[in-house]
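Could you fit the two chains together into a complex? Lean on the hints.
Take a look at the letters that make up each chain.
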Amino acid sequence: MSQEQTEQFFRKLSFIRLFESHLLEQFSWGKLSGTTHTCIGQEANAVGITASMGRGDVVFSNHRCHGHYLAFTDDAFGLLAEIMGREEGVCRGWGGSQHLCRDGFYSNGIQGGIVANAVGAALAEKHAETGAVTTVFLGDGTLGEGLVYESMNLAALWSLPVLFVIEHNGYAQSTPTRLQLAGELEARPRAFGIPTLSLASNDADAVHAAVAPLFEQIRAGEGPRCFVSHTYRLGPHSKGDDHRDPAEIEARRTFDPIRLYRTKLPETRATEIEQANQNRLAEIVNRLAESEGS
Amino acid sequence: MKPQERLLVHHINRALTRIMGEDERVLMIGEDLLDPYGGAFKVTKGLSTQFPQRVHTTPISEAAIVGVATGAALRGMRPVCEIMFGDFLGLAFDQILNHATKYPLMYAQEVGCPITIRTPMGGRRGYGPTHSQSLEKFFVGIPGLEVTALHRFQPVEAFYRRAILQRDQPSLIIENKIMYGQEPLDTVARYGDFQVRRHGQDVVDAELSLTDFAHEEVTLITYGGMTDHCLEAARRLLLDEEIASNVLVLGRLSPVQLEATAAACARTGRVLIAEEGTGAWGIGSEWAAQLTDALWGKLKAPIQRVACTAPVLPNSRALEEQVLPSTDTIIQAVQTLMSRT
Numbered sequence: 001m002s003q004e005q006t007e008q009f010f011r012k013l014s015f016i017r018l019f020e021s022h023l024l025e026q027f028s029w030g031k032l033s034g035t036t037h038t039c040i041g042q043e044a045n046a047v048g049i050t051a052s053m054g055r056g057d058v059v060f061s062n063h064r065c066h067g068h069y070l071a072f073t074d075d076a077f078g079l080l081a082e083i084m085g086r087e088e089g090v091c092r093g094w095g096g097s098q099h100l101c102r103d104g105f106y107s108n109g110i111q112g113g114i115v116a117n118a119v120g121a122a123l124a125e126k127h128a129e130t131g132a133v134t135t136v137f138l139g140d141g142t143l144g145e146g147l148v149y150e151s152m153n154l155a156a157l158w159s160l161p162v163l164f165v166i167e168h169n170g171y172a173q174s175t176p177t178r179l180q181l182a183g184e185l186e187a188r189p190r191a192f193g194i195p196t197l198s199l200a201s202n203d204a205d206a207v208h209a210a211v212a213p214l215f216e217q218i219r220a221g222e223g224p225r226c227f228v229s230h231t232y233r234l235g236p237h238s239k240g241d242d243h244r245d246p247a248e249i250e251a252r253r254t255f256d257p258i259r260l261y262r263t264k265l266p267e268t269r270a271t272e273i274e275q276a277n278q279n280r281l282a283e284i285v286n287r288l289a290e291s292e293g294s
Numbered sequence: 001m002k003p004q005e006r007l008l009v010h011h012i013n014r015a016l017t018r019i020m021g022e023d024e025r026v027l028m029i030g031e032d033l034l035d036p037y038g039g040a041f042k043v044t045k046g047l048s049t050q051f052p053q054r055v056h057t058t059p060i061s062e063a064a065i066v067g068v069a070t071g072a073a074l075r076g077m078r079p080v081c082e083i084m085f086g087d088f089l090g091l092a093f094d095q096i097l098n099h100a101t102k103y104p105l106m107y108a109q110e111v112g113c114p115i116t117i118r119t120p121m122g123g124r125r126g127y128g129p130t131h132s133q134s135l136e137k138f139f140v141g142i143p144g145l146e147v148t149a150l151h152r153f154q155p156v157e158a159f160y161r162r163a164i165l166q167r168d169q170p171s172l173i174i175e176n177k178i179m180y181g182q183e184p185l186d187t188v189a190r191y192g193d194f195q196v197r198r199h200g201q202d203v204v205d206a207e208l209s210l211t212d213f214a215h216e217e218v219t220l221i222t223y224g225g226m227t228d229h230c231l232e233a234a235r236r237l238l239l240d241e242e243i244a245s246n247v248l249v250l251g252r253l254s255p256v257q258l259e260a261t262a263a264a265c266a267r268t269g270r271v272l273i274a275e276e277g278t279g280a281w282g283i284g285s286e287w288a289a290q291l292t293d294a295l296w297g298k299l300k301a302p303i304q305r306v307a308c309t310a311p312v313l314p315n316s317r318a319l320e321e322q323v324l325p326s327t328d329t330i331i332q333a334v335q336t337l338m339s340r341t
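From first to last, the protein sequence lines stand for chains A and B. Each residue of the first sequence is one higher than the one before, starting from 1 at the first, in the UniProt record's numbering. Each residue of the second sequence is one higher than the one before, starting from 1 at the first, in the UniProt record's numbering.
Since the hints were derived computationally from the structure, they do not count as laboratory data. Since the structure is predicted, the reported quantities are computational estimates derived from the model, not experimental observations. One or more of the hints may lead you astray.
Said to hold, decoys possible - Using C-beta positions, here's what the derived DEER-type ranges look like:
1. A:R190 to B:Y191: 25 to 35 Å
2. A:L179 to B:A158: 50 to 60 Å
3. A:P213 to B:Y37: 38 to 48 Å
4. B:D293 to A:E292: 39 to 49 Å
5. A:E129 to B:L105: 22 to 32 Å
For glycine and all other residues, C-beta sits at the position ideal for the given N, C-alpha and C.
If we strip away everything but chain B, and leave its shape as in the complex, we get (with noise of 0.2 Å):
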């Protein structure tokens, strides 16, 4: 194998083409996805000579790109819609919120509208204020919208397989920058010294830990890009502080099922949610609502957000890192949770 081949970015390009050859109803649309440059990020290469008649390269038009894939998807087709970078989702936000998504329920019938939306998100690359933010609390909130993000322990076709081809709703998929040039870890059962556990079929939650699932004393729940830093929070916490925590890696933002992450969570009592984005009105306020009453006496102390501090991204990698949650501001916040218990 390539060294390049190992990475996630070809993991989900694999997967991409196992699918398109399965069912000609699979398009693909977006912007610059013809090979030889086969997307910006690369996740489409390939495909545009495999599939030449159902990869569909677009003018710069993302409002288009939905809604073109909306109307397809009502007469039967199974688009999938690369947004070149999820800040440019914003130009589709119509076509999310009052189209795709609202046939299906203001129709009242059983009107499918199997459409998939791959896109971006993410910080940490230096792209600056308008190609690096995490907007996906901007859409958790639409009724009828299946907001997922991929992470490493996810395996990754059967992931892209449930959204494009087993889903007859909207599916929002978020993929992170950084995590595109990582090897995924969809198999492994240990990470360093982490065991891994997996909840789920096809979105997968995981669950790490540095110790046995039992004695932990702090839960980080996270998702997508902020897996790594709450994974070395864990690892210093134990290390240097002798506090053992079990790190959760969601893969479904919304809806919330949080059962499985409540259970886990009443272990320990105190809960720590980390997301890239900025906080207020945010993926954790949604979360840390429902597991506050889903845990409304078994919590030892107010559940912690730790995101974006900034209402902008800068774009030096400095200022970018100063405003990031990083492993300090997670161990920071850890801190809080311990002395307010």
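Isolated chain A (complex conformation) (with noise of 0.2 Å):
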């Protein structure tokens, strides 16, 4: 990693991180209206997957979207006016948090869809011969839906170059894992002959440096590949429904994506970037409170 994307990647780390608080402060005021998911403590994955995206390249997300949204696109401004329900946004206020749209990024709340509609659009681009990678992501709790099998079945027998992402993040909603999903999660990508590479950590460049690898040989025309991070979720699911153990979330602390990112860089250089976000949503913030009513 040059030092140039190490401080790359934190400010996007950061970044994210910042703009979801704020989201998260502004629905404890009730200036937001409506419901939201963030990816607090799961950062990592959203940086260090679309670190290897590039032009022409295709997203597909779900309702936990945001930080796929801002590392792929980075329109902070377009997300936010679209969660404040503003003409400015994105989807003209129209989609909301769950439903974002850009320049061939896709996210919907319907648990499951998406992924065959990723394989889809990766059967698209087959066809065009573009060489673009498509990327979908899904949770541990997604699991749950038939349909997922039987996308990855369908990308597997057609060698579609798409990467299924799988945030195990212990939780589908309220439910821990040990209630929702039987037998070993890696065993069903496999199961279809999707190679499926698993990580247990938190370190964006970990993260990168696993995934890298992954979008080569799907570019080779290698066909589907599968990428499971066993993360946590240190929010709540949505606004403030959490009923976890506090001291199993705080034992999870240690492994704080921005936390842990934050020492590869000096403090005086972290700080400067921090500063930078803040400057910049605060920017943001303004323009959108200017343009209001008007």
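Below is the structure:
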């Protein structure tokens, strides 16, 4: 990793955290309506995986999509405006937090269905010979949906350029894995002959190093790959609905991806980047406040 | 022309072949599509030989068929899904409701999702409770989905070309199993003793009359597989009861566009709607509500509806005949209509 890339990773990681913390704060003050699902604790996947993507690549994401969206498009203004229900939003206020679309990024709040859509997108890119990789993000909870397996089956049968990313954060909303997932998680994609790489790390560099070869293999025409990230959601499922043991969450803070990554930079540089992120967010918030009602 | 080449199934096949030949973005996705089998009803026969790269035979995964087509459509392809029996469309319901139709609507941008889903519906072949239904009523309420039903007076190629190449939103095409084996009447100006008029372009409504399109007393409205039963009822009503009627065969079920239909109904003031599926919350329910609104003050009797009378279609052909709407039940409903005037 070059110093520049390390700084870039930290800039993205800390901005996603800042952005989503702002959202939760706004919700707690009643300044945002509806619902939202933050990826607090899982940011290393968004940053580490999208770093392998290039122009023309496609992403399908789920309800917990802000981190993926910000890391892929860097469109913080469009996202915040969208969540605020504003005309300037990326989907003009119609989609909201879970339904975003821009430059090859698509998200949907229904579990499982996007996996088939991602496989279809990969089919289209293969027909058009674009060399694009389609990545679909799903969670361990999504593995309860049958369409996931139909889709993996087709991706393997047709050797499609698609990367399945399973962010295993231990919970399907409030339900722990032991109550909702039988057998071995990694055995699922492997049963379809999809080479599957498993990683238990919230270090964005480690995620990037693990996933980059998968992108190369997919681009080389070797067919689908699956990446399983054993991670943890430090924040609530949505806004405040958290009944987990606080001691369990506290113990996981040691592996907070932002805290982990911050140590890779000199303290002064890390602080500068954090300050720049805060300025950037404040500027977006101000722009939206100024244009409100205009 | 070989006898089988005159049948509607062959005309659909030829239309699909031409459309695939014209545009490389068109994919066929469905179960058992490959030659020599060529699809359960042979609609796609020959396509996999002519376009081996673009005909994708699938596992038994209806949700994935529509889901994959949806993703491919978002990325610029124009996929056509074959759902082997319309009864299996329920397995793909969420993909239609929350994915294919939702993307263009909820992204509020110029995002197209041009998928076409073709599927055969209808009974009278003794296929039993889960292979004979007419389930289109469960799909017509989905915003953003156009539902059309092929009928014999419909020019075939324009109908498919419009859905597959000219629309940017999802289309569901209902084909009727019995109709596959009938000859198309897509250009005729007369059918038996009926005169045929057509309204609309590409998706055509047909209007048939045994008299003069001016002095009928009753309007029979239907679509798809109930057409022949309505025509036979109209013929017998005129011969046996001296009741003149016009028959309207609608091409589009949803979104509802009934202006031309309402004008034809205004002449008679008596309207009957015939559909093969179960009646409650049916196609006829919405049509009747909208026609009542458009025709208020001109209706001489409440709009009558004829539909399947049983909650399940029996396997026995004899029992099936008893519960499906027939020429007899249409005639009885017309008599009710006349008696309530």
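May I ask which of the numbered hints given earlier this structure violates, with the numbers listed in increasing order? 1
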